[in-house]
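Sequences and hints are given; from them, build the entire structure.
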Amino acid sequence: MTLNLSVLTPNRIVWDSEVEEIVLSTNSGQIGILSNHAPIATAVDIGILRIRLNDQWLTMALMGGFARIGNNEITVLVNDAEKGSDIDPQEAQQTLEIAEANVKKAEGRRQKIEANLALRRARTRVEAINPIL
Amino acid sequence: MAMVALRRFATLLISPNPTIALRSSEEPVSSGVRCISTQVVRNRMKSVKNIQKITKAMKMVAASKLRAIQTRAENSRGLWQPFTALLGDTPSVDVKKNVIVTISADKGLCGGINSTSVKISRAVHKFNSGPDKENKYVILGEKGKAQLVRDSKKGIELVVTELQKNPLNYTQVSVIADDILKNVEFDALRIVFNKFQSVVSFLPTVSTVLSPEVVEREAESGGKLGDLDLYEVEGAETKSEVLQNLTEFQFSCVMFNAVLENATSEQGARMSAMDSSSRNAGDMLDRLTLTYNRTRQASITTELIEIISGASALEG
Chain A
19 MTLNLSVLTP NRIVWDSEVE EIVLSTNSGQ IGILSNHAPI ATAVDIGILR IRLNDQWLTM
79 ALMGGFARIG NNEITVLVND AEKGSDIDPQ EAQQTLEIAE ANVKKAEGRR QKIEANLALR
139 RARTRVEAIN PIL
Chain B
1281 MAMVALRRFA TLLISPNPTI ALRSSEEPVS SGVRCISTQV VRNRMKSVKN IQKITKAMKM
1341 VAASKLRAIQ TRAENSRGLW QPFTALLGDT PSVDVKKNVI VTISADKGLC GGINSTSVKI
1401 SRAVHKFNSG PDKENKYVIL GEKGKAQLVR DSKKGIELVV TELQKNPLNY TQVSVIADDI
1461 LKNVEFDALR IVFNKFQSVV SFLPTVSTVL SPEVVEREAE SGGKLGDLDL YEVEGAETKS
1521 EVLQNLTEFQ FSCVMFNAVL ENATSEQGAR MSAMDSSSRN AGDMLDRLTL TYNRTRQASI
1581 TTELIEIISG ASALEG
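Residue numbers (my numbering), protein chains in the order written: chain A, 19 to 151; chain B, 1281 to 1596.
If you are wondering where the hints come from, they were derived from the structure by calculation, not from laboratory data. Values in this document were obtained by computation on a predicted structure and should not be read as measured data. Some hints here could point you the wrong way.
[Said to hold, decoys possible] Sample of chain B residues lacking proximity to chain A, with all beta carbon distances greater than 10 Å (derived):
#1 Val1479
#2 Arg1559
#3 Thr1569
[To be verified] Example chain B residues on the side facing chain A (calculated, C-beta under 8 Å, incomplete):
#4 Ser1356
#5 Leu1366
#6 Tyr1450
#7 Glu1512
#8 Val1522
#9 Leu1526
#10 Cys1533
#11 Phe1536
Don't be surprised by glycine CBs; every beta carbon is placed ideally from N, CA and C.
See the structure below:
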């Protein structure tokens, strides 16, 4: 059985084709999905999505959202997604540094939460470029 | 008192003016009674020509804006569809608190886009009203507000205008969606917008987004959302928490799509409206030119006849 993955953001379709296996970071940890997976609906955390295609692993940075798995169809709906190969390493590294600085500067609850979220997003993007396999 | 007297005096001064202006415009008529004043026709032709220029320019602007926004609207459809597959779009669901989100444009001159939105919203309002039911409006866009304020001012909960001041993006729309979710209590949100089909056809559409509680209830009772129960829900402590996030995300995505579709329809409608009005101006100009030339020719002919008959009278 083939497994179809589509990654959708409000602005565009990032991925829409067959895959062999994916590893998805959900709010309760990473889950691996092979074909014929049981139907499942889950929240997707800010984290990386790993895709196995022709025995090669690709990575994608996801910025939180939802995933629906069923009938060998995976639909990932996220706020934003970027392929690891499309991210500019220098720019991502810089953003991470800025985010780290902002976390230190942040005052008040709201600011702290926002700065932490930004940091996680930046970290995910850097991770997507150099995946730890 | 002095101001009032002064104003009255001023109006007295101003009011005779139009009659003077009128008389002066009639003056050339008296010289050649058989022809209508060519000056008036010429002025009218000039103004029609100017209007045509404006409408043509507006059409061009709308066309270029349309092209930019159409691709974005089409891209945003991708996300809306899987949500409908998962959570369904159930306009017939029967709940107590309905919130109608009317999406309209900020500017006019775009055909029937805004009045269609308003009309459909009113129909949805009527359809869902009844004893112990609540209906409220949330309005996006200046024009929808102007129309709905007239008859249902009390029902309006929130108005957001000038959405299109900067180019539409998801972040902006999701902030508005968040605002609506936080400030308005609802069981079902009904989003009314014009779905873009082609430059000349727009489909008034209602998308329904249910609150997490209603989604859970419907799913458990195996009603319209029975399919959802087939899925194992994961990712947070409780199912309701996931559903809450899910519906919030769904609403902002549906809103994003609806806003883009409506903006596309607006530009399309404006384009065709401006196209037909410049065509009308052209027709009008043709007619006026014809009248103008005909009267000019007539006056020349009469003058010639007068000269010739005068000359022949002298000769004879």
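Quick rundown of the hints versus the structure:
no. : hint    : result
1   : Val1479 : holds, 23 Å
2   : Arg1559 : holds, 36 Å
3   : Thr1569 : holds, 50 Å
4   : Ser1356 : holds, 6 Å
5   : Leu1366 : holds, 5 Å
6   : Tyr1450 : holds, 4 Å
7   : Glu1512 : holds, 5 Å
8   : Val1522 : holds, 5 Å
9   : Leu1526 : holds, 6 Å
10  : Cys1533 : holds, 6 Å
11  : Phe1536 : holds, 5 Å
Hint check: no violations occur; every hint is consistent with the structure.
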